[in-house]
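Enquirer: Listed below are the residues making up each chain.
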Amino acid sequence: MTSLADLLAQARGSGPRATRAAGRLMTLLENEPGRLPELLQAAGPDAPQPRLLLGLTGAPGSGKSTLTDAILGVYRKQRPEMKIGVIAVDPSSPFSGGAVLGDRVRMMRHATDPYVYVRSLASRGHLGGLALGVKGILRVMGLLGIEVVLIETVGVGQSEIEIVRFADEILVILAPGQGDSVQLLKAGLMEIGNFIVINKADNPGAEELHHQILAAMKLEPEGRQRHVALVSAVEQKHVDELVDAVEAAASGKEAERLARRAASQVQELREALLESARTRLLQAMEQEDHARDIAALGSLAQDFEPLVRRLLADAARP
Amino acid sequence: MSARILIGKPGLDGHDRGAKYVARILRDAGFEIIYTGIRRTPEELVAAAIQEDVDAIGISLLSGAHNSLVDRVIRLLKEQEAGEIVVFVGGIIPDADVPGLKALGVAEVFGPGTPAQTIVETLNGHLARARANAS
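Line by line, the protein sequences are chains W and P.
According to the numbering used here, the first sequence is numbered sequentially starting from 1168.
According to the numbering used here, the second sequence is numbered sequentially starting from 6.
Simulated from the structure, these hints should not be mistaken for lab results.
There's no promise every hint is true.
[To be verified] Output of the computed footprint for chain P on chain W, the stretches with three or more beta carbons under 8 Å from beta carbons of chain P:
1. 1181-1187
2. 1192-1199
3. 1266-1277
4. 1285-1299
[Claimed, not checked] If you only want the chain P side, here are some residues facing chain W, beta carbon under 8 Å, derived:
5. M6
6. S7
7. E49
8. A53
9. Q56
10. D58
11. D102
A quick note: this is a predicted structure, and the numbers were derived from the prediction, not measured.
Quick reminder that beta carbons are idealized off the backbone N, C-alpha and C, glycines included.
Please build the complete structure, drawing on both the sequences and the hints.
Expert: Printed below as a string of C-alpha cells:
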C-alpha cells in the first residue's frame, strides 16, 4: 500500500502518474476522513487552497448537474487557463449502502478536458446534503491548483443546508412546478442562498415563479442583498450573466473567505479528532467485559458514570 | 469500503437498458456506481475512471464494435498507469469473440440473461484478487 505522503508527492508531480495519484489520494481521504490532519501536515502550511467554493443546492431534478455543466462551460470559455473542480454528491442507499452517482452524466462533455476535475461522492449515510469526504477532496483539489470548485449537494428537501459551512457563494436552484409561494416563506433552504436561481426558463411556469421570487425578495430585511436569476441550464441561456454576478459578489471578499477557511479548518480538525476518538471508543465498547457491562446498564446493575470512565481509559490506551 | 464501479457505453448504440439494469443490481449489492450514459468515447470513459478512482469499469456494448472499443479502453488504461482497474463487458458479444476479449485483459463477459447474483459474485471475486495484487 502506498502511504498518504507518497501519494501526495506523486500527485504534485506531472503526467499520468500524478493524475492517478490525485484520484487515489481523494479516495483515501474519502474512506478515512480522520486522516485529514495527516494530509495538512504533509502538504505544509502554504499549501494552495481553492479561491472560490461555489455551492449548488436544490430539490432533486431542479437541474443542479445541468447547471453545473453549463457553469463549467462558461468558465472554460471565459478563463481558459483556470482549473476548475466539481464535487457532486448523490445519496447512498440506506438499505444496501450502494449508490448510483449520476451527476457526471450531464458533465461528460468536459471529461477529457485537463482543466476540469469532476469527482462524484456517495453520501454514505451522512445527513445534511454533503458527504464526509468533501473536505478532504477540496484540499486535494487545492493542491492540484484548482481555483474554483463547484460543490453540488444531493437533491435536498427543506433543511439539508450543510453547504452553508463550506461554500463562499451559494446558489439555491428552483424549477417551476415545485409548489406555491408559501414554500418561499419557509425557513431552511430558502434562507441560505445569496443566489436564487430559477432554472428551466424554457418550461412553462418559470416566468411566474420568477415574479413570485422577486416579490418575496421585497420582504427581505434591509441590507440582505440576494440575487435572483432566471436561466435555462439546458439551453445555456443567461448562465454567463450568472457566473459574472457570482464572481462580482465574490470579489473583494478575500479577507472574509480566508477567515472562513481558517474557521472551517479548525472545525475539520475537531471532527477528525472526534472521528478518531469515536473509533477507539467503539473498539473499547466491543471488548467482552465492557459489552457485558453495557448490557447491564439497562437493569440498574451497572452505574453509568464509572463505566464511561472505564471505557474512556481503555480507549486512551495506545 | 464500497467498491466504486464506472458503467459506460462507448460507441454509437443507444440501448442503455442493460447498462442501467447492471447499475441497479450493483447498487443493490452495495457498490457505488458512477453512471456515465450513452455514446461515450473510450477516452472519456478512461479519463472519468481515473478521476473517480474506480475499482472497475463495466462496458456495455450492443453495436458489434466491442473488439476495437474494448481494446482501446484497455490500452488507454495502461497508458494512464491504471492497468489494474478491472474491466468487464456486457451486451451482445458473440461467443467466438470472448476469448479474444479476455486475452486483451477483460476480466469477464456477461451476456444477456446472466443472473444478477452471478454478476455480483464474479465481480467480487475479481475485485478481491485485484486488491490482493495491489497490497
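Enquirer: Each hint: holds or not?
Expert: These are the hints, each one checked on the structure:
1. 1181-1187: Result for this restraint: holds, n = 4.
2. 1192-1199: This one holds; 3 residues, not fewer than the three required, reach chain P with a Cβ under 8 Å.
3. 1266-1277: holds (count 7)
4. 1285-1299: holds (count 5)
5. M6: Interface hint status for P:M6: holds (5 Å vs cutoff 8 Å).
6. S7: Result: holds, 6 Å to nearest chain W Cβ.
7. E49: 4 Å, holds
8. A53: 5 Å, holds
9. Q56: At about 6 Å, which falls below the 8 Å cut-off, the nearest Cβ of chain W leaves the hint on P:Q56 intact, so it holds.
10. D58: Result: holds, 4 Å to nearest chain W Cβ.
11. D102: Since the shortest Cβ distance to chain W is 27 Å, the answer is violated.
This entry does not satisfy hint 11, going by the numbered hints stated previously; all others are met.
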